[in-house]
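There are 4 protein chains.
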Amino acid sequence: MSTKKEIRIGLIGTGLMGRTHSNGYNRMRNFFPELEYTPVLKAVCSRNEEKVRKFADQWGYESIETDWRAVIARDDIDAVDICTPNNTHAEIALAAAAAGKMILCEKPLARTLEEAQTMTDAVEKAGVKNTVWYNYRRVPAVTLAKQIIDSGKLGRIFHYRANFLQDWTISPDVPQGGDATWRLDVDAAGSGVTGDLLAHCIDTAMWLNGGIKDVSAVTETFIKERVHQGTGEVQKVGIDDACLFHCHFDNGSLGLFESTRYARGHKALYTLEINGEHASIRWDLHDMNRLEYFDHSDESIVRGWRSILITDADQPYMKRWWIPGTIIGYEHSFVHQVADFFESLGTGEPCNPTFYDALQTQKVCEAVIDSANTRSWKDTDVQWKG
Amino acid sequence: MSTKKEIRIGLIGTGLMGRTHSNGYNRMRNFFPELEYTPVLKAVCSRNEEKVRKFADQWGYESIETDWRAVIARDDIDAVDICTPNNTHAEIALAAAAAGKMILCEKPLARTLEEAQTMTDAVEKAGVKNTVWYNYRRVPAVTLAKQIIDSGKLGRIFHYRANFLQDWTISPDVPQGGDATWRLDVDAAGSGVTGDLLAHCIDTAMWLNGGIKDVSAVTETFIKERVHQGTGEVQKVGIDDACLFHCHFDNGSLGLFESTRYARGHKALYTLEINGEHASIRWDLHDMNRLEYFDHSDESIVRGWRSILITDADQPYMKRWWIPGTIIGYEHSFVHQVADFFESLGTGEPCNPTFYDALQTQKVCEAVIDSANTRSWKDTDVQWKG
Amino acid sequence: MSTKKEIRIGLIGTGLMGRTHSNGYNRMRNFFPELEYTPVLKAVCSRNEEKVRKFADQWGYESIETDWRAVIARDDIDAVDICTPNNTHAEIALAAAAAGKMILCEKPLARTLEEAQTMTDAVEKAGVKNTVWYNYRRVPAVTLAKQIIDSGKLGRIFHYRANFLQDWTISPDVPQGGDATWRLDVDAAGSGVTGDLLAHCIDTAMWLNGGIKDVSAVTETFIKERVHQGTGEVQKVGIDDACLFHCHFDNGSLGLFESTRYARGHKALYTLEINGEHASIRWDLHDMNRLEYFDHSDESIVRGWRSILITDADQPYMKRWWIPGTIIGYEHSFVHQVADFFESLGTGEPCNPTFYDALQTQKVCEAVIDSANTRSWKDTDVQWKG
Amino acid sequence: MSTKKEIRIGLIGTGLMGRTHSNGYNRMRNFFPELEYTPVLKAVCSRNEEKVRKFADQWGYESIETDWRAVIARDDIDAVDICTPNNTHAEIALAAAAAGKMILCEKPLARTLEEAQTMTDAVEKAGVKNTVWYNYRRVPAVTLAKQIIDSGKLGRIFHYRANFLQDWTISPDVPQGGDATWRLDVDAAGSGVTGDLLAHCIDTAMWLNGGIKDVSAVTETFIKERVHQGTGEVQKVGIDDACLFHCHFDNGSLGLFESTRYARGHKALYTLEINGEHASIRWDLHDMNRLEYFDHSDESIVRGWRSILITDADQPYMKRWWIPGTIIGYEHSFVHQVADFFESLGTGEPCNPTFYDALQTQKVCEAVIDSANTRSWKDTDVQWKG
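Residue numbers (UniProt numbering), protein chains in the order written: chain A, 1 to 386; chain B, 1 to 386; chain C, 1 to 386; chain D, 1 to 386.
In short, the hints are calculated from the structure, not lab data. Hints should not be assumed to be uniformly reliable.
Subject to a maximum C-alpha distance of 25 Å in a straight line, what follows is the list of computed DSS-like cross-link-like pairs (lysine-lysine) [stated by the list, open to error]:
#1 K129(D) <-> K385(D)
#2 K385(B) <-> K153(A)
#3 K51(A) <-> K319(D)
#4 K385(B) <-> K213(B)
#5 K153(C) <-> K51(D)
#6 K153(C) <-> K224(D)
#7 K54(B) <-> K42(B)
#8 K153(A) <-> K385(A)
#9 K51(B) <-> K51(C)
#10 K5(A) <-> K224(D)
#11 K5(B) <-> K129(C)
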């Protein structure tokens, strides 16, 4: 173990994503023991000292900070992991890039396209390693979908559809702002479901099916006013509660996307489907270890959608885990992303999605919001490199 | 039986819908024996004499005609059932109304809004009984969905989504025009999936969730040229192969619709879902005897989507059929529509959807096509009466 | 039509099976128009004159009888269809055979093996056409399962399992005896779930997987006493409420069977599964148009259970019905059996299952009951001809 | 952290279970930070020094041993975790008990009832803490099932059924004996699927539904001879490849169990179902985060099986993990068992299942094998304490 190259992590933010990333770092040694690089949990940062101390103890960080600038200033930090609300991503990333740190940034990259562009320029200029946590690419079933598509089994693609449905903000009593509900505060989040949920769908979609060319969208804010945690006042809600759009992909296929936090009965139902000339694929986060696959070349009388349980060693990432028939969970997508990041340090390849890739997703998000606001089609200007 | 009032049917068209309607008439006596009115299969009409004679023998029609005008001219015909391609609906319906016949017309009502308006005006002016075969309303699970929604169980509605996915025209070798493939010929069909498939989704949607106010759509024709059965020439394809749109309902909810014949793996996957404040409902034609229902008022630790098998006597139409656990099929939706039509003769109520109702669906279809052609939102001018 | 050979049917019994069979006869002309032989609904018989008159009117029978002996005595009856409770099957069948009538008998063939043997001897001696209504063989998905198995795709068979779960007798207030609940009266039914439900499972199992050699069973009667409809008295319940058994098939595979009317939540859940060396098949009556199929020869990374929607023209019976994606129901299994019976009149082949085949099923049922009563393994003495 | 009481673990065995247990210990600090007791990974033992050294490095063990006796002899070991093949459980456990160590033993407790009895006597006499890794009790959906049953929602129980189906030994080329396939060697394993798979089903069944009174079983060995890894010779296979049994529970309900490694298409399909008077429950390991629940008290027209996605904080163990809609995996059941074990150190309660509980399961297993061998019913003599 002494021969491993250590990368000293400074984690900023101790919410849900702070936990999933920390778990990722902690699992590497156990499940990817052969990797040349290894994380060291050097520091974790959050404004609340008591909370961050408890977090550090729970997850094994060596030290704490209460000001993110202190993390970046430290010489003993190689990589900064940004898990804070969206409105802080840009400032932290710019500072980290300037300090020559590697950056692992939570999604969406930023609140706006402008912020995202600045951040991308900064990391590219600084030449620092960078990646964005669009974790669903590393769900084995989704990774397998990518392999199947790349193999050409689907032929010409006609349709791509995805949605991300939740139901946790239906009650008007849910507040906006604050630690638990900053995602409902437009100043902190930048947008509502578009940046929070559709950004995931868009990242996966372009990874699987190439660039999105233009979009036509509609958004809705069902609950117009909510109490703000910060002010205690009832304030106008600035985010999109729901967002629907259709689009053209560069390859000529049609896309259809929907996201909402008002779909009663769905907790986190991220589903995707892609229809090709010869075959189709479906996936659904609630049953994330299954991939459904239809192959028209099967003999006609026994042709049907296959429900593939992704648990075998020849399927992506699964040789790391248990035995056929035994599934993994949500957190494993983050473990895989950590492992791929550390593996990429060895190979020198970028760890996708990079800031550049996430910038393309941001372009789509911005075009979607613009389209909804102007009730018109918008070009995205995406330059997808894949 | 001698006391029943006979309605003498003249069926025009002997394709798939000619068969489903004929089966409907033939089943009434067996499964709805108490109805006061009863159909008599007086005449069936098709241009091919040999074919229509065989059809008459198979389905029990007393006589045949080879010119639809002859059917309308006959005094011994009370009701005209129009099962011909879309481009003939208007002419036949106008003549039938002028002759004072009841009219049962296949969907979509017409190729264009203009035709549909003329037809609706004609039946209203003539005061003849009229109905349109949007059969999916009479699938017991869908009828139950209507009852649940009307009971108020869902509360405020946020979302409605539906799609109708097929895959039978993916091969470029499928021709357009002719008996089997007139649905691919824009002159015969008026439109592609919009009139053929989305019209079903729209009719059900407005029945369940009220009028659609405005739409934003995109269409695509994936295969640009096909051989025409009539001319034998390769000709431009004029229909929409796929159509996607989002919309606002009058009640403030958002709608999302998609239809295509290029979704590999789906034969006739008509699905719908409606999300309310308190409860949600899903349905899918491939498993048409099931309704999925989520009720947020269930105790939280045991709350989940219920898969309701609609086979019991207290569920719509099911006391007519067999025993709990034993399902019915596609054809039964037509049997139910026939029975409801004949029952409405006794009550004097309209048999929904009427031409008026189908005209509203036509307005949405026309707005959808216009929206796609102009890449802009379109108001529908729907006046939904429910 | 005038050229068809008419078979004059005398139906005895007007319960659920009287309805399914009558529907079968009525559908033949519509869906199997080419068959040389055709049924004529000559007479229907039930002890209650008012009821049978109504039934005759509803289903189109030409005449009524209130004594089954009268049906058999009539010269204008070619075939006797026995739909009465089990305790009358033997007497009617023996009389019908003696009168040289064709016999279509509801399942189970008889209450006891002895009765069944006598009946089989009688029809074989008389040389009359005979068949037993084990209708599930004619569900297209089950028929397709047979074709797949016969094709050798499964290889050596290891396991066969089936169950038939209901929940309609859980309440102690359900009576025994009488028109609706004779199945709970051991004198009328012979046995409980063994003859009513497991007999179906056994017939299908032997058709698909060959003879059952020996059995080890357990039965239970959960509700010990119920009011008898006939006497109005609370009486001991003589039937088996539940029956479970395992067995060896002649081919060396293991069988597992279960049936009950106390499985809360299941209306008529008949499921079967067969596991072979190379492939497996599953089916479930609640979703009867689907067949699940697993083929180990599929490429490993995309291998999974296929959900085959049996609606296409190249799948058994389905060219008779509608279009891909549109399903059929429970009643169609009886239509198919009627059609196969009439087709077999033309070919001169037996219409399976014959009395002989049903006798083999009876042997298994008797061995099962014996095994349960004696708490020991029993040989069945089945001679399966397939 | 310094205030926690440390329990020094000595792990014996580095196979699959060695990994799942080690993962469990490593996750405790992250997900159960409040527990008073904490594991310290003091030593791991395996005969192959290179392999055990690598394992120790991967999982964070402080030291290694190559002889299990050395582990037990060490003063700095508080608890021995036995993850070796079944034929070594008894000897190690007896030694550990004699040395006053806590014991966590993999299932099945032993190869035979006699061994299991001796082991149970030993730990009870020594008064050492003991538990057996029947991990499926700690799958949140299964734990929830227990809560629902204990709440009385099901009422009187009629049926319990479970199976555990695999397909990994179908090929005759799979050897017996050795590290990877000792489960096929009767000397190492004691039995085949009965001890390996049915033991899980039996433990869960008795936990949920009480003691099993008597059993009637059948077993089969489909492949009669396999190469032995140890000798390199083709030898007779002594294990049961498949085992089926029915039984009576103490509460009067009927049980049905099946296990096999020859069910093509099933990797590790452990399913269970329990039917009560008022409600029923189903679960399936392949979709382990879902529980299906049918409640007859639901309004009849909207009554159906509920698919409950177990991901919310008010469901067992789930407040430890992520957010609603995001699932966990197989390994988490072991994490939960570790946590419950350490929590029980604080409370002084036993950590179920104890050796005593596992002994009862062993009684059923032994009766099952005896029953199959003698083709007769066997009493189990289970004294279930629950």
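*Sort out whether K51(D) lies within 25 Å of K153(C), counting only the CA atoms.*
Roughly 43 Å between the alpha carbons, so the hint for K153(C) and K51(D) is violated.
*Going straight from one Cα to the other, do K153(A) and K385(A) come out at no more than 25 Å?*
holds (21 Å)
_With the threshold set at 25 Å, check whether the alpha-carbon distance from K51(B) to K51(C) stays at or below it._
Given pair K51(B), K51(C) is violated - Cα atoms ~40 Å apart, limit 25 Å.
*asked:* Hinted pair, alpha-carbon criterion (25 Å max): K385(B), K153(A). Please report holds or violated.
replied: This hinted pair is violated, its Cα atoms lying about 48 Å apart.
*Does the structure keep K5(B) and K129(C) at a Cα separation of 25 Å or less?*
violated (42 Å)
*asked:* With the threshold set at 25 Å, check whether the alpha-carbon distance from K129(D) to K385(D) stays at or below it.
replied: Given that 25 Å is the threshold and the Cα spacing comes to 17 Å, the pair holds.
_So if I understand the rule, the pair passes when the alpha-carbon distance is 25 Å or less; does K5(A) with K224(D) pass?_
Measuring from Cα to Cα gives roughly 52 Å; hence the hint is violated.
*Taking only the CA atoms, is the gap from K153(C) to K224(D) under or equal to 25 Å?*
holds (23 Å)
*Taken at face value, is the distance from the CA of K213(B) to the CA of K385(B) at most 25 Å?*
Measuring from Cα to Cα gives roughly 13 Å; hence the hint holds.
_For a C-alpha distance cap of 25 Å, please report whether K54(B) and K42(B) respect it._
Holds, at roughly 15 Å.
*Decide if the proposed pair is consistent with the structure: K51(A) and K319(D), CA atoms, cutoff 25 Å inclusive.*
holds (18 Å)
When each numbered hint is compared with the structure, violations occur for hints 2, 5, 9, 10, 11.
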